[in-house]
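Student: Below, each chain spelled out in residue letters.
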Amino acid sequence: MATSLQNAPETTGSAARRPTLSERQKVAIVTVSVLAVVTAVAALRAGSSTVLVQALVTGVLTGGIYSLVAMGLTLIYGVLHIINFANGALVALAMYLTFVTVDTMGVHPYTALLVVVPAMGVLGALLQTSLLNPVMRAPIQIQLLVTIGLALAIENVLLLVFGPTPRSVQLPGNVGVSILGATVELSRIYAFVGALVLVAILSLVLQRTAIGTSIRAVAANPEGARLVGINTKSIYSVTFALGAMAAGAAGVLVAPFTTIEPTSGAIFNLTAFVVVVLGGMGNIPGALVGGLVVGLTEQLAGLILPDESPLLAVFVVFLIVLFIRPKGVFGRAS
Amino acid sequence: MTTTATPRTSTSAGGGLTGRLTTDTGSQRSRGDYVVLAVFVAVAAAVPFVLSASDMAIANRVLIFAIMGVGWNIMAGFGGMFSFGHAAYFGIGAYATAYGVVVLGLSPWLGMLLGIAISVAAGVGISYLALRYKLTGAYYTMSTFAFAEALRLFVIGNDALNRTVGFTIPVQQGSSLVDFQFPAGSPWYYWIGLGLLGMCLLASILFVRSRPGRFTIAARDDDVAAAALGIDVLRHKLFAVAVSAAITAVAGTYYVQYYMFVDPEIAFGAAASNDAIITAVVGGTGTIWGPIVGAIIMAPLSDVVTGFLRTPPPGFEWLAGHGGLDIILYAVILVAVVILLPKGVYGTLVSRRRKS
Amino acid sequence: MTAVLEATGISKSFRGLQALRGVDISVEEGQILGVIGANGAGKTTLFNCITGNFPPTSGTVRLDGADVTGQPAHKLAHRGMVRTFQLMRPFHTMTVLENVEIAAMSRGARGGTARREAGETVERTGLGEWADQLSGSLPAAMQKRLELARALAMRPRVLLLDEVLAGLVPAERAPVLDLLENLRDTEGMTMVFIEHIMAAVRRLSDHVVMMDSGAVLATGSADEVLTDPQVVEAYLGKEASDA
Amino acid sequence: MKRSLRNWSVVGLAGATLALSGCAGSAVSAAGGDAEATTEDVAEIHIGALHPLTGSNAADGQQMAAAAQMAVDAVNEAGGIESLGGAELVLDSADTQGEAETGQSEATRLIEEGAVALLGTFQSGTSANVASVAERNQVPFVMDVSALDEILEQGYTYSFRLQPSASQMGTQGAESLLSLVEDSGAEVDQVAYLYEQGNYGAAAYETFLAEAEEAGLTVDPVIQYDPAAVNDMTTQITQVAASDADALVVTGYYRDSLLVAQAVDIVEPDLQAVYGVANGAYDQPDFVNDAPNGGDGYFDANYHWDVTNADSQALAEAFEAEHGEPIRSSAVLSYDAVMVIAEALERAGSTDTTAVRDAVTETGYAPLMVADGPVTFDETGQNTNAAVVVMQIQDGDIVQVFPQEFAETDYVFPAPPTE
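Chains as they are written, first to last, in the working numbering: chain G, 1 to 334; chain C, 335 to 690; chain W, 691 to 933; chain L, 934 to 1352.
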C-alpha cells in the first residue's frame, strides 16, 4: 500500500508492479547491509554495547521525529510541487500555539492538538489561496521565494509577539524509560508513535476518502483532474491545509522536548528536506524511512567520526543516494 | 502571446528574405547590450561622488548582489538548471581568497583566480554527476542545496580552514591595488567592484551571443530537441555551470576583500544562495539586465526598511522599536513583488514592450 | 545495395513492459521507408532507440554499416541522422528563424552563413511569413513545419520523420509531400517516416513496415502491406472506423 | 535614514543610472562623519551600540541594548561628560540581526553618523567584522560579549574586550574546579568533557585540558557535537555514563546544554556534579524553569555580574523594574562597556577618536562584573582582570558560590545531578 502521490493513480498492471517490488527488496537489502556494516564499525569505535544500543535506539526515535516534521513537506511537494521552505516556520508557529494553549488554559500539552491542528489547517488554506494559488503555474523559483518570504515573515511575527526569550512546555510524567537497555524520554516515544499515526492517517485520507482521491488525481495530472470537474485550486488549498496541519501536529508533539524559539522549527528544515528527498518527494511512508535513515546516520556518524558534524555524514549519504536513486530510495526511476 | 493563426504584419511587411534578416532583433539587441553596458558602467562610476560613506556601503552590497545574480542567472536563467546552492561557488571564491591571503600570503587577485578555478572544478564535477544521473526538477535543486550545505559542514570541521571562525584579512595601512586594500570608505572598493561587475556582465552578454550560449538556451527550452539537432546538451550545460560558478566566485573574492572577513555561515549558508536567487528573480531571470535591476532594488531594501522603522515618519512612531518588524516588512515586499511580477521587474518591462 | 540505416532485433522494455520485440528495419540510399501501425504499436519508441534518445535493451543499429547502437542522440545527428518529433519541441523562447539557425549552427555553419541558411530553409518550408514569430506561440501546424525545417537545416543524409503531416489540413499536406519527394529526388535524401495518412504512405514509400504490439507484422511495398489481410484486420479496419 | 530612503527610491526607479541624479543633496547632508571635532563644548556625544536585536540571539541583544541605554542615562543624569562641558551621551543602537555583514554596514553607518566609540556585539563573527571596521576608521570598539580568542589576535589597536575570552574561561574554569574539589575534600580523578565543536567550545576545552593535565586530572571521554544540528544528547550522556568519569564538564549554548541536562536526567549517569565552563545555560534563569528538577546542583564557571556588589545589585533591580525580566550578565557587560567609554571620554576631554582610544587603554574602571580587579587592557586589548565565578543552582536560585570572596552562599559538592 504505497501512498506515493507521484504514481498514485496508476495502481493497476501487476506486470509492471512486480519488478518494482523486487527492486524495492533490492533497495531494502542494500540499505540493511550498509547499515549493518556501519553499525559494526560504530560498535568498534564506541567500545561499549550500551552506547551502541543507545545510539541505535536514539537514531530510530529522532528519525521518527524528523519524519514527523517532514510529513507536511512531502505531502505539499507531492501535490503542489512546491518546496515549502516555510514548513519549519509553521512547525515553530505550532509550538508557540501549543505554548499559548497550555499556558492560558492549563491543559495537558497533547490536548493542544485539538486547537492547534485545526487552526493550522485554516491558516494553511488561507496561505495557499492568497499567496500560492496565484503562482501555481510560475517557475519553481517563484514558489520557492514565496515560501522563503513566508518563513521570514512567520518567524519574525513570532519574535515580535512573543519576544526573544525561549519558552517551554512541560509534559506531565515525562520520565525516562528503558528500551533494550537504552534510556528514552517518554515524550520522544510519544512523538515517534505520533509519526506512525500521522502516516497512517494521511495514508487513509489519501486512499480511502473522496477528497483523498481528488488530491491524488490532481497530484498525478492537474489538467486531467480539471477536465473531470475537480476544482484544482480548492484541492491545492485543501492539500496545503493538510500539510500545515501535519506541521501543526509535529509542532505539538515536538514542543515538550524542544526549546521554543522562533527558529526552533527552522533547525529541522535541513534534515526534513533530506528526509523527504530520501523517501521520495511526495511519498508519505517514504518520509518515515527517510527519517530513520537520517536519524541512524546521524547517531552512527557521531560515533564513527566524532570530530565532524554528524550532519556532514547525512549530506554525503544524501548526495550518494540521490545520484544512485535520483527519485529517492523508494521513488521510481522515470 | 498571440495565438492567432496569422503572423504579425510587421514581420511580413518587408516581404523579402534579406530584409527580414537585416532587421533581426536578436543581434541588434545584443549590440545594444554593449552600449548599455558601457553607459551603465560610466554612469555608475560616478556614484561615489554623490553618495555618503554609509550609502556607499549599500552601493557596494548592490555590486555583490549583482555579481551573484548575474552568476546565478547564467546557470538558472539561461541554462535552466535551478540552483539553490550558489553559496557553494560564492563560498569557494571567498575562502580561496581568504586562505590565499591569510595563510599563503598571496595577492587577493591570485586568490580570486584560485577561487575561480576551484569553483569551476567543483561546479562542473557536481553538476556532471547530477546531470549524468539525470536529476531533474526539485531533486536537482535539492542536490545543489545539499552540496552547499556539505561544504559548509566540511569547513566547520576542518582545522586548516579555521572551523567556525573563518578568516579575517589583516588590516594594512595605506592603499594598494595589488593587495586590493584601501582605507575604509575608499571609493576604490566600489570602482573595482564595478569593474568586476562590468566584466561579469560582459561575460554574460558574450555567453548569450556565443554558440555555446545559444546552444545552452536551446537545451534549456528543450533538451531532447537540442540533442536531436546534434547539440551535446551535457557539455553545454556544464559550460554554463562553469561560467556561472566562475562569476559567483568573483563575488566571493570581492566580498572578502570588502568586508575583510568570512566564516562558514556567511560563505556557504543558505542566505548567500537566497541572495543570488532573489536578486535574479526580482529583476527577471533569463535576461541580461534583470539581475542588475534586482540588485538595485533588493540589496538596499533591508537597509531602507530598517532605516524607515528606526525613525518612522510622523504618525508611524508606534512602529519603532519592535525587533523583527523590519524583516517582516522586507518579507512582505519580497513576496508581493514575486507574486505580482513573476517575470521580475525588468522581465515584465521587456515582455510588455514586446507585446505592445 | 548496402542499407544506409539498418536496425536489427531491436527490443526495448520499460520496467518489465515489453515495448519493442525484435524489430528489424532497413532503408537503402535514397529510398523512403514508411512505418505504419496503430497508436502504441511502438513506432516512436523505435525511433527513440534508433536515434539515441535511449539505448535499446537489445539489438543493433547500423548507420552506413557502422555499429552505432546506444550512441547519444547528438553524435548520431552529426553522423547525418536527424529526426523530428511527433509532439512538437520548439525552442519556445526563440523565433522561428532562430530555431532553425540553431540547427544550422549545430551543423557547423558560422555566424552570417548560419543565418542565411536558416532563412533559406525557413522559406523552403513555407515558414517565411512566420520567421520572426516566437516559436512557442506558433499554431500547431506551423510548429510541425518548424520541426521539419530544423531537421533540414542539419542537412541530414537520413531523415526520420515522426508524423510530420499530423494535424495538417489536406491543403497543407501537399506542399510538404512535394518537398519531401523533392528532397529524395534531387538530394538523394534517405527517409524513414511514421505516418497515419495512407495516401501519403502510398505516394512516398518505396517500402513499408507495419508494426503491431512492438513487433513487425508485415513488410514489403506499400501495396503489398496495405492489402495484407492481417494488416487490414489489425490496423486499417480500425483506422477506417476511427476516421 | 531619510537620506537612504530617498536614495533607494531613486535607485529603484532610475535603474541603470544608479541614483546618479537624485542624490546630489545627500552628499551635502552626509557631512556628519567627522568625529575629529575637538571643540571642548559639544552638546552631544554619540556612542554606537551594535547588538542582535532580531534573530536567534535577540533575547540577549535586546537586553544588552536596553542596559547600554541605562548606562547612558546614568551618565547623563550624573551631569554628562564634565570635561566636555557636561556634554550628554547619546546612544545610537543598531541591529546586527546576528549577521556579520549587517554588523559591518551598521558599524560603518554609526561611525558615519558621528559615533566616537562602538560597543557590542554578542556574536564573535560579527565582532570580528566590526573590529576590522573600527580599526580602519580608527574608532575605539569595546566588546561587551564575544569570547572568541581570534578576534584580538589580528594586531588591532582600537579593539578591546571586557569579557574573559574563551581560553581564559577554559583555564579559569579548570582552576576553579580543581580548587573547589580540593576545598570540598571530595575525590574527582576523572572528568568527561562535552563541548560544542565550534572554535568557542574548542578553545574552552583545550585550555581546560591543559590546566587539568598539569594538575593530574584525567579528561576522558571527550565528546564534541554540532550545536546547530543536535536534537538529542542521550547517546553522548550514555557514553559518559559508560566511563569512569566522576564529573561532567559542558561547554555549549543554551539549547544544546539544556538537551544535556534532559539526557542526564533520564540516563542517570553516576556523577558527582555537572559543571559548565562558559556555559550558555547553567547560569540562566530560563534554565531553572526549563530543566528537569530545576537544574538543581548544576555548576557554571562563567563570566557573571557581581551579585555581591551593591552597585550591581542596584542596576539589577532597576533593570528588572524597568524591563520586567531579570538582567543577564551580557547586559551588565554592555553597561560596563558604556561606562568604560564614558570614563575614557571624561579623561580624554576630547571627542577625537584616537584620543578616546588612548584613554580607553588606560582605563581603571571598576566593573559591575565579577573581576580580579579594575578593567585593565593588555596590548591586544584583552581585559586581563576579566574573571569567571562559579555559580550553582540551589533551590531554584542561581547563586555565586566560589571563590570565597564572591560567594553568596556555600557551594554544595558533590552535587549529583540526579537524586
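The set of hints was computed from the structure by calculation and includes no laboratory data.
From the three backbone atoms N, C-alpha and C, an ideal C-beta is built for every residue, glycine too.
One should not assume that every hint holds.
To be verified - Label pairs and their in silico Cβ distance ranges:
#1 W:Arg814 / C:Thr470: 55 to 61 Å
#2 L:Pro1349 / G:Val107: 45 to 51 Å
#3 L:Asp1153 / G:Ser33: 31 to 37 Å
As the list claims (entries may be wrong) - In silico contact screen, one side only, chain L against chain C (beta carbon under 7 Å); selected entries:
#4 Glu1010
#5 Thr1041
#6 Asn1062
Student: All hints, please: hold or fail.
Tutor: Status of each hint after checking the structure:
1. Range check, Arg814 (chain W) to Thr470 (chain C): Cβ separation about 36 Å, and the 55 to 61 Å hint is violated.
2. Look at Pro1349 (chain L) against Val107 (chain G): about 34 Å separates their beta carbons, and that is not inside 45 to 51 Å.
3. Look at Asp1153 (chain L) against Ser33 (chain G): about 34 Å separates their beta carbons, and that is inside 31 to 37 Å.
4. Interface restraint check: Glu1010 (chain L) against chain C, minimum CB-CB distance 22 Å, threshold 7 Å, status violated.
5. Taking 7 Å as the C-beta contact cut-off toward chain C, the hint placing Thr1041 (chain L) at the interface holds, the least distance being around 5 Å.
6. Hint status for Asn1062 (chain L) relative to chain C: holds, with the closest Cβ pair at about 5 Å, below 7 Å.
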